[in-house]
Amino acid sequence: MSRPASFRIESPKVVYEVFDDEVVIINLETGVYYSLNGLGAEIWTRIEETDDVVLELAARYQRPAGDVEAAVRPFLDGLVAEGLVAPDPRANGERRHRTSGATAVTRVSTFEAPVLHKYSDMQELLLLDPIHEVDEVGWPVRPNEPDGDGRKDPP
Amino acid sequence: MMNPQRLVSVIIPVFNGETHLVDAVDSIRRQEYASVELIVVDDGSSDDTAGAVRRLPQDGLRYVYQENGGPSRARNRGLALAQGDVIGFLDADDAWPPCRLRRQLAVLDRESSIDVVLGQTQLLRPSAGDATRSRFEKDGPPIVFLSPNAALFRRRVFERVGGFDEALRYAEDIDWFMRARELDVPLAVEHDVAWLYRRHERNMTRGRSMRELRVLDVLKRSLDRRRQGGRGAAPLPTLSRGGRCGPDGRGAGDG
Chain A
674 MSRPASFRIE SPKVVYEVFD DEVVIINLET GVYYSLNGLG AEIWTRIEET DDVVLELAAR
734 YQRPAGDVEA AVRPFLDGLV AEGLVAPDPR ANGERRHRTS GATAVTRVST FEAPVLHKYS
794 DMQELLLLDP IHEVDEVGWP VRPNEPDGDG RKDPP
Chain B
73 MMNPQRLVSV IIPVFNGETH LVDAVDSIRR QEYASVELIV VDDGSSDDTA GAVRRLPQDG
133 LRYVYQENGG PSRARNRGLA LAQGDVIGFL DADDAWPPCR LRRQLAVLDR ESSIDVVLGQ
193 TQLLRPSAGD ATRSRFEKDG PPIVFLSPNA ALFRRRVFER VGGFDEALRY AEDIDWFMRA
253 RELDVPLAVE HDVAWLYRRH ERNMTRGRSM RELRVLDVLK RSLDRRRQGG RGAAPLPTLS
313 RGGRCGPDGR GAGDG
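Quick mapping for you: the protein sequence lines, in order, are chains A and B.
Counting in this note's numbering, the first sequence tops out at residue 828, every number present.
Counting in this note's numbering, the second sequence tops out at residue 327, every number present.
Keep in mind the hints are simulated off the structure, nothing from the lab.
Quick caveat: nothing in here was measured; it's all calculated off a predicted structure.
Cβ coordinates follow ideal geometry from the N, Cα and C atoms, glycine included.
Just so you know, not all the hints are guaranteed correct.
To be verified - Within a straight-line C-alpha distance of at most 25 Å, the following computed SDA-like cross-link-like pairs (lysine to any residue) qualify:
| id | chain 1 | residue 1 | chain 2 | residue 2 |
| --- | --- | --- | --- | --- |
| 1 | B | LYS292 | A | ALA731 |
| 2 | B | LYS292 | B | LEU311 |
| 3 | B | LYS292 | B | PRO213 |
| 4 | A | LYS791 | A | GLU683 |
| 5 | A | LYS686 | B | LEU308 |
| 6 | B | LYS210 | B | GLU231 |
| 7 | A | LYS791 | B | ASP119 |
| 8 | B | LYS292 | A | VAL788 |
| 9 | A | LYS791 | B | ARG286 |
| 10 | A | LYS686 | B | PRO213 |
| 11 | A | LYS791 | B | GLN138 |
What the hints assert, rightly or not - Derived DEER-like restraints, expressed as beta-carbon distance ranges:
| id | chain 1 | residue 1 | chain 2 | residue 2 | range |
| --- | --- | --- | --- | --- | --- |
| 12 | A | HIS790 | B | THR91 | 22 to 32 Å |
| 13 | B | GLU238 | A | SER782 | 33 to 43 Å |
| 14 | A | LYS686 | B | ALA200 | 25 to 35 Å |
| 15 | A | ASP725 | B | THR91 | 33 to 43 Å |
| 16 | A | PRO760 | B | ARG207 | 39 to 49 Å |
| 17 | A | ARG763 | B | ASP296 | 32 to 42 Å |
| 18 | A | ASP725 | B | SER206 | 53 to 63 Å |
| 19 | B | LEU79 | A | LYS686 | 42 to 52 Å |
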């Protein structure tokens, strides 16, 4: 299958956070981190809910599917090549549960080819261990202290 | 040659650390380096941390108490009090391995351009079968971990980078190192272990941890800073690998 239409995020080795204008992603197996803006961020936040990324974008932006395919496929291939998502064939209409309660990035107004910005400058410093497993070590938080911004760890 | 008179200030932030604090202080006193100022910053402990400090030998020891404000505020308080030109940190339930202070000082003495020496971190876990949970064993090979506990700093670097961000309760250490690297602070990474990091079972979580989430926040903040001026975020400078201390990995010329 050379042109997968639907994808799942490679949790738990991939963690990410959706900010107002940007998605920041870490691949904890490689320590490489990534940034997505604009259409790239929009695709990411919907990628697990979308049965066909290209067709959905074509419909939403009212552009020919071939144009969208040409603009988006290198980006999708990049996400797969970097181990951030995997092709996830699914029956028509089957939706995955999102792996995070992240709020979606606002729909972008113009269709510009998405770009995966890659940063290897923390590569030795963001590896799976110990960040993945350690919480609050050496510094207990006061009882009943709010988590700060209401985000919760997914199960 | 090492300057034997160089005063090193070691800042020990502690919150409810009476159980392990004595071991942490011992690990510094066993460094065989006399000119050390120990600054214990008690961040509002409700246990007998103050009593544990009183029972320690008081030579070169300073104790200050503050309302609970988190690790950044405690470390910054220590920085404000520090008299030394060289600064180290140690969380109260961890330890420095023998010889690490002399070894890292030798790097700063030898490499005048280096402002921060960052050693490796050895994770420790409670020994299997030890019901008291007081004995620890190595947990995997040493790793590079962006923590002040594993580093030795020239004091001047804090004038340039600033202190630890008191708004952050997690990943504030990574945030500091990100800011330092954005400013191209000369930082050497050693091959040797500088921090024995005890991981307690009670502190472990499954799945995404708060720390992990905060690391994403810290990366976002760094990307935003690096994009100021309207350009794309430049990659951070490569870490220097010049920190090895002599052919045997020990401090050259410090014996």
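inquiry  = For a quick check of understanding: which of the numbered hints are violated here, in increasing order?
reply    = 1, 3, 6, 7, 11, 12 and 15
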